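J.: One-letter residues, chain by chain:
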Amino acid sequence: DTGVSQDPRHKITKRGQNVTFRCDPISEHNRLYWYRQTLGQGPEFLTYFQNEAQLEKSRLLSDRFSAERPKGSFSTLEIQRTEQGDSAMYLCAAGRLYEQYFGPGTRLTVT
Amino acid sequence: AQTVTQSQPEMSVQEAETVTLSCTYDTSESDYYLFWYKQPPSRQMILVIRQEAYKQQNATENRFSVNFQKAAKSFSLKISDSQLGDAAMYFCAYRSNTGNQFYFGTGTSLTVIP
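Protein chains in written order, with our numbering: chain A, 1 to 111; chain B, 1 to 114.
With a Cα cut of at most 30 Å, we get these calculated DSS-like pairs of lysine-lysine:
#1 A:14 - A:57
#2 B:78 - B:55
#3 A:57 - B:73
#4 A:71 - A:57
#5 A:57 - B:70
#6 A:57 - A:11
These are computed hints drawn from the structure, not numbers from a lab. These figures come from a predicted structure and were not determined experimentally.
With these hints in hand, go ahead and build the complete structure from the sequences.
T.: Written out as structure tokens, the structure reads:
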């Protein structure tokens, strides 16, 4: 158990709908990362939080994507107006300093 | 941006034998961290081993060890006495000491043959 949970584990949505994913790390993990992973690829960095501050965002993160981490605890990743190309596994990782522990991921399928 | 290359999409090893997975990276920085992560089928990714670039000594964790060649920008993972539970995707990752992003390779799928 890495101490990082994600909800939901699977999400099927129709193109054009909005979806929101949640990540819950343990309280000691002040750093939080979101990644996208497609089949046969390694995780691609999306965004990074230190406590409640979003300090980095990838160029991959279009304006349809937004992430929050209110109060430096759980985090949400929202995708608006989903497209078929958004189908992927969305991974959350959290930790302190240079370590990161991964959650089980949310698999998104856009039909 | 830093790039991480894993040139072996698939590898196989006999149970109890030793296998080495390759990883190279490109960076102009001198201080950074390197990692190997394991992702079993349908299970979450876990950290296998970590290496700080400023340390000359290669990291070891039980049956897992690395060969870190800083000048060559090479970071290979050696798994000794391979077990069936070692079967998984293995990802090499890089993180700068000054940045926050982790950069991952495309992974190596390891099969362990009984």
